[in-house]
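Quick note, the sequences are listed as chains A and B, same order.
For the record, in the first sequence the residue sitting at position 198 is 198 according to our numbering, with numbers rising by one throughout.
For the record, in the second sequence the residue sitting at position 409 is 409 according to our numbering, with numbers rising by one throughout.
Fair warning: there could be bad hints in the mix.
Chain A is nowhere near these chain B residues, computed Cβ spacing over 12 angstroms in every case [said to hold, decoys possible]:
{"#": "1", "residue": "91"}
{"#": "2", "residue": "92"}
{"#": "3", "residue": "95"}
{"#": "4", "residue": "105"}
{"#": "5", "residue": "127"}
{"#": "6", "residue": "155"}
{"#": "7", "residue": "195"}
{"#": "8", "residue": "232"}
{"#": "9", "residue": "276"}
{"#": "10", "residue": "346"}
{"#": "11", "residue": "420"}
DMTMM-like, lysine to aspartate or glutamate: derived pairs with alpha carbons at most 20 angstroms apart [claimed, not checked]:
{"#": "12", "chain 1": "B", "residue 1": "33", "chain 2": "A", "residue 2": "205"}
{"#": "13", "chain 1": "A", "residue 1": "67", "chain 2": "B", "residue 2": "312"}
{"#": "14", "chain 1": "A", "residue 1": "52", "chain 2": "B", "residue 2": "312"}
{"#": "15", "chain 1": "A", "residue 1": "65", "chain 2": "B", "residue 2": "312"}
Since the hints were derived computationally from the structure, they do not count as laboratory data.
Glycine residues also receive a C-beta, built at the ideal position from the N, C-alpha and C atoms.
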Amino acid sequence: MQPIDRSQPPLEGPSVMETLHARKEAQPNVAPLGAVSAAKVERLFGQAAPQKLPPKVDPAPSRAKYKMQRLWLTPMVRGLVCTGVPMVAILGVALLALSNDELRNRVATSLADARENIQTRPEFQIELMKISGASEDLAQDIRNALGLKFPISSFQVNLELLQDKIEQLDGVYRAELYSHSSNLLEVKITERIPVIMLRKGRELDLLDADGVRTGIITSRLDRRDLPLIAGLEAEENIPEALALFDAAKPILPRVRGLRRMGARRWDVMMDKGQIIQLPEQNAVAALERVIALHGAQKILNRDVRLVDMRNSERPILRLSDVATELFRASAIPE
Amino acid sequence: MTSLYEAQRAMRLKRRAALQRGVVAVLDVGTSKIVCMILQFDPSVQMNAAEGMGAVANHGSFRVIGVAKTQSRGVKLGEIATMEETERAVRTAVQGAQKMANVRVDHVIASFSGARPQSYGLAGQVEVETGTVTDLDIGKVLASCDTPYFGEGREAIHAMPVNFALDQNPSLTDPRGQIGHLLSVDMHLLTIDTRVLQNLMVCVKRCDLELAGVVSSAYASAISALVEDEQELGAACIDIGGGSTSVSVFLRKHMIYGDSVRIGGDHVTSDLSLGLQVPKATAERIKTIHGGVMATSMDDRDMIDVDGKTGDWDHDRRQFTRSEIIGIIRPRVEEILEEVHHKLQAARFDTLPSQRIVLTGGGSQIPGMEGLASRILGQQVRLGRPLRVHGLPQAATGPDYAAPVGLSLYAAHPQDECWDFDLPAQRLGAKPMKRALQWVKENW
């Protein structure tokens with residue numbers, strides 16, 4: 001081992017002591033060391049002043065802290081604290097609140113108020129109802145049927161219910177309801193168009209092509225453009241009736257109407273009390289046959305009371321009583 | 001031996017309980033540092049182990065989930081000197097590891113290096129009763145070993161059956177189920193100072209932990225630093241720690257000798273502190289940064305600043321060459337290795353088939369250690385690092401972690417010890433009789 005080298009290390013410039021003396025002579029009143037800043041001490045002595053170290057802390061946890069940490073790491077304790085205690089606290093607060101009648105009522109009323117407030121906001125108000133596609137009378141009927149009093153909140157309007165109500169009215173085929181953002185309830189109506197009249201006692205029902213009633217009139221003269229039908233279950237065979245009227249076009253001015261016989265077949269009622277009895281099947285063909293006969297021999301212009309076409313192989317003509325007499329007289333050979 | 005037998009059995013039960021819970025801590029109480037590692041066991045693999053899976057399969061069964069190291073306090077020469085201080089240090093280490101693992105541990109397997117371990121080789125012989133060797137026969141042959149007088153206040157820490165012989169077959173690891181007549185056993189017994197063990201037990205208990213096993217650090221560091229063929233063919237593991245150096249000799253995968261030299265790295269530090277007249281902390285720093293044992297001409301020019309921290313300008317600005325520092329370190333290291341050499345000679349290490357020497361522990365990290373050791377101990381010297389363990393952080397893979405890693409390997413796959421077998425009834429003394437009497441009293 002080599003001896004320790006104790007020779008002074010070389011210094012550059014004046015030594016520390018020389019500097020100190022020089023400064024002391026220049027400034028005789030040097031402040032005591034405690035009052036001098038660390039930077040000044042370093043400048044004076046060429047060495048940093050010892051800084052105040054933080055007090056030494058034992059890195060070991062205290063016994064209580066150690067036990068607490070172990071307790072916290074125990075799964076049951078941890079679960080209890082993280083889940084159990086908050087759950088019990090929340091439940092407890094909720095039960096406490098519910099057990100107080102006044103508080104419960106207040107909560108209920110404030111909830112209802114809030115609901116009311118939102119529903120009565122102007123954005124949700126309906127102020128007008130616009131009905132399009134319906135006649136004046138029908139529109140009035142619809143307004144009466146709905147019985148809405150405006151303004152009304154759109155929360156209180158059930159559009160499906162209203163639609164059902166409207167569609168149950170006579171004369172309405174389909175209704176479409178729109179609740180617009182501009183405070184408008186729009187009702188688009190598709191009307192039923194009457195195509196035929198059905199006699200029911202003293203009144204006449206107007207029926208559309210589906211056999212649904214669109215209105216009632218008391219006099220046949222109110223709708224002269226519509227053909228007339230009558231009889232049991234006549235309203236269930238409107239297409240056939242319309243076809244018959246279509247076929248009867250050449251003699252239409254003389255046709256008064258159709259009568260359903262025994263809910264089975266049609267009779268064509270002509271003026272002067274003439275009747276054309278049609279079969280259950282192929283009624284249109286039978287009627288055309290009659291019209292063809294009429295075209296050729298003008299049978300309907302003669303004194304015929306009834307043309308029976310029920311059996312197509314055996315058409316029968318029934319003459320009036322007077323004609324029968326005349327026929328018999330002329331037929332007896334002298 | 002009966003009370004010890006009971007105590008060790010109780011620890012064994014605790015260890016089994018800990019393994020079933022899946023979490024166990026290992027604690028290495030060293031002179032310079034205390035390490036706590038928390039291991040998590042895979043219960044499915046444990047189940048397979050119960051069905052008889054081998055050691056290799058068992059190695060992967062655990063995972064290190066928490067490691068904490070703290071500076072040791074109140075430990076001298078591997079023994080607890082100041083209980084309060086050591087307890088604080090253990091608390092620090094355990095808390096750190098728990099914090100990292102986020103798991104609470106209750107069971108701890110501990111190791112320490114001091115307590116003057118002494119090895120005994122015992123032999124016993126019995127006749128096999130039924131013709132087939134059973135567990136009971138093994139208990140009987142282990143009980144038949146002549147126990148020498150250990151001395152006052154000493155206790156066995158390890159009692160491992162090393163070798164069984166059945167009639168003409170001289171080397172059996174597990175004679176159970178074999179047919180024979182005369183069963184004999186060689187047992188390795190390691191005794192330590194009872195007082196030191198009791199101190200450790202109290203210290204662990206004061207930290208609210210339960211001791212689930214005690215292992216000599218000589219054994220623990222050997223099972224992590226020696227590779228399998230070294231353990232099989234014969235090798236010595238030298239764990240140079242802070243306060244003491246443990247020596248263990250392995251043959252046929254069993255420890256056959258364990259001892260410790262009560263000199264370690266701390267003595268090197270105190271030599272430096274004395275020689276350079278610097279505080280211990282500075283000396284430790286100089287040792288770890290500039291230390292060495294082989295001086296070269298380069299080291300003569302390598303000047304090292306040594307700050308004495310006295311405030312004296314001259315004293316704090318000294319410089320030393322590195323060769324001067326090596327000159328202080330080397331004699332002490334030589335002394336340690338010579339002491340180890342004496343121990344190995346006493347253990348008749350030179351008669352083993354292979355004489356591999358593995359240096360491990362913090363002290364083995366001094367540069368040039370390998371060369372110096374091979375001059376003193378023999379040619380086959382290597383530096384050993386602990387086995388790689390699943391989940392171990394990189395910082396804890398150095399040779400100074402040989403003992404804790406070995407402990408975790410021991411926890412995963414403990415060696416059969418004498419107390420793992422049921423002793424025959426007569427060795428248990430009067431207790432069964434007493435129990436029978438008690439039963440009669442209670443039930444009549």
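- Of all the hints given earlier, name the ones this structure violates by number, lowest first. 1, 2, 3, 4, 9, 12, 13 and 15
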